[in-house]
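Build out the structure end to end from the sequences listed, making use of the hints.
In this note's numbering, the protein residues as written are 1265 to 1567.
You may find that some hints are simply not true.
[Claimed, not checked] Simulated restraints, written as ranges between beta carbons of each label pair: (1) Leu-1561 - Ala-1277: 42 to 48 Å; (2) Ala-1491 - Gly-1271: 24 to 30 Å; (3) Ser-1465 - Asp-1434: 33 to 39 Å.
[As the list claims (entries may be wrong)] No farther apart than 20 Å at their CA atoms in a straight line, the calculated lysine to aspartate or glutamate pairs in the EDC-like style are these: (4) Lys-1283 - Glu-1457; (5) Lys-1453 - Glu-1333; (6) Lys-1453 - Asp-1293; (7) Lys-1473 - Glu-1386; (8) Lys-1473 - Asp-1293; (9) Lys-1283 - Asp-1481; (10) Lys-1283 - Asp-1296; (11) Lys-1453 - Asp-1296; (12) Lys-1453 - Asp-1481; (13) Lys-1473 - Glu-1377; (14) Lys-1453 - Glu-1441; (15) Lys-1473 - Glu-1379.
These are calculated hints, taken from the structure and not from any lab test.
Note that the structure is predicted; figures quoted are calculated from it, not measured.
Backbone N, C-alpha and C define an ideal beta-carbon position, used for all residues, glycine too.
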Amino acid sequence: MFEGMAGWPAEAAARYAAKGYWQGVAIGDVFDQSVRSHAEREAVIDGPRRTNYRELGLLVDRLALHFAERGICGGRPVVFQLANSLECAAAYFACLKTGAIPIACLPAHRHTEIEHLARFTEAYAWLIPSQYRGFDFITMADELRANLPEMREIIVAGDHCGRGMTLLSDLAADPIEERRARSSLGRLKPRPEFPAVFQLSGGSTGLPKVIPRTHNDYLYNSYLLSAKSGFDADGAALIAVPMMHNFPLAGAVQPGLLYGGKIVLAQGTEPETVCDLIASERITWLCAVPAMVVNWLNAPGFR
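Here's what the structure looks like:
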């Protein structure tokens, strides 16, 4: 499959397929079907930006074509450190369509974690914000890239970037689909048994460990969460925790966007922010950890 990665045991894979747990499709195909089925429904709410499925599908394909042109495809790992944003969601599905493998890092990761993960996976690209919560990611990228010989592309979400880097907004604004057919992405589609994303362990015993999730098993993970929770096309998920973490990615981003629901991206966890969004967006599904909920319940004036 991939050097250093053990695939699912053949007997288990055959059993899961026979029972219908694994559908034998790539996540990008399910996303495309969702775009076709729900074109004019709202998909992503990011602050004042409201994006429907048709618009999201175009942005995903546009980024995927740009990524492919830059070699971000075919099983090459990509470090993701983007904050909760429309761009993060679009870049994630763009990678899944080209066969590039997102490494689900967090904005809180710094030099030690990123260098370890990028070297271990031989990451080809790195997606960062220019700044986030007072931290300068461009400077960190400049300081680290000399130690990352496989790193070829650094793509920055923001209004400026460093030398040899690319602004994500420039790619999003360039209609490459007028020069290259969107249908050409079909040639890059990964096999369902290939890794879709590299999730990370909690790092409680040291540096985070890489956990490969295949298209087959990660899609089933999200399908089951959607089915058991009743999260469907009428659902709205509020994501206030980092969206590339396994919990919101498998439990809200994918169930929401693969099955026609709406995801709402919060930039903070303050009670006022969260409660306002719950009310205004009619949230039905909230990604939170117990400590966050306790803080909300104990906030002055909450009751």
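message: Next pair to validate is Lys-1453 with Glu-1333; report whether the Cα-Cα distance is within 20 Å.
response: 15 Å, holds
field: Distance restraint between Lys-1473 and Glu-1386, which requires alpha-carbon spacing of 20 Å or less
entry: Holds, because 14 Å separates the two Cα atoms, which is no more than 20 Å.
- request: With a cut-off of 20 Å on the C-alpha distance, tell me whether Lys-1453 and Asp-1296 pass.
  value: 12 Å, holds
message: For Lys-1283 and Asp-1296, compute the direct alpha-carbon distance and say whether it is at most 20 Å.
response: 25 Å, violated
task: Mind checking the alpha carbons of Lys-1283 and Asp-1481 for me, to see if they're no more than 20 Å apart?
output: With Cα atoms ~13 Å apart, Lys-1283 and Asp-1481 stay inside 20 Å; holds.
- request: For the pair supplied as a hint, Lys-1453 and Asp-1481, confirm whether the alpha-carbon distance does not exceed 20 Å.
  value: 17 Å, holds
task: Could you check the hint for me, namely that Leu-1561 and Ala-1277 are 42 to 48 Å apart, CB to CB?
output: 44 Å, holds
field: Restraint status (C-alpha distance of Lys-1473 to Glu-1379 at most 20 Å)
entry: With Cα atoms ~13 Å apart, Lys-1473 and Glu-1379 stay inside 20 Å; holds.
- prompt: Holds or violated: are the alpha carbons of Lys-1453 and Asp-1293 at most 20 Å from each other?
  reply: Holds, because 9 Å separates the two Cα atoms, which is no more than 20 Å.
task: Please work out if Lys-1453 and Glu-1441 have their alpha carbons no farther apart than 20 Å.
output: 17 Å, holds
query: Is Lys-1473 close enough to Asp-1293, meaning Cα to Cα at most 20 Å?
result: Answer violated: Lys-1473 to Asp-1293 is near 28 Å, above 20 Å.
- request: Take the C-alpha atoms of Lys-1283 and Glu-1457, compute the straight-line distance between them, and say whether it is at most 20 Å.
  value: The hint holds at about 16 Å.
In terms of the numbered hints stated before, the structure departs from hints 8, 10, listed from lowest to highest.
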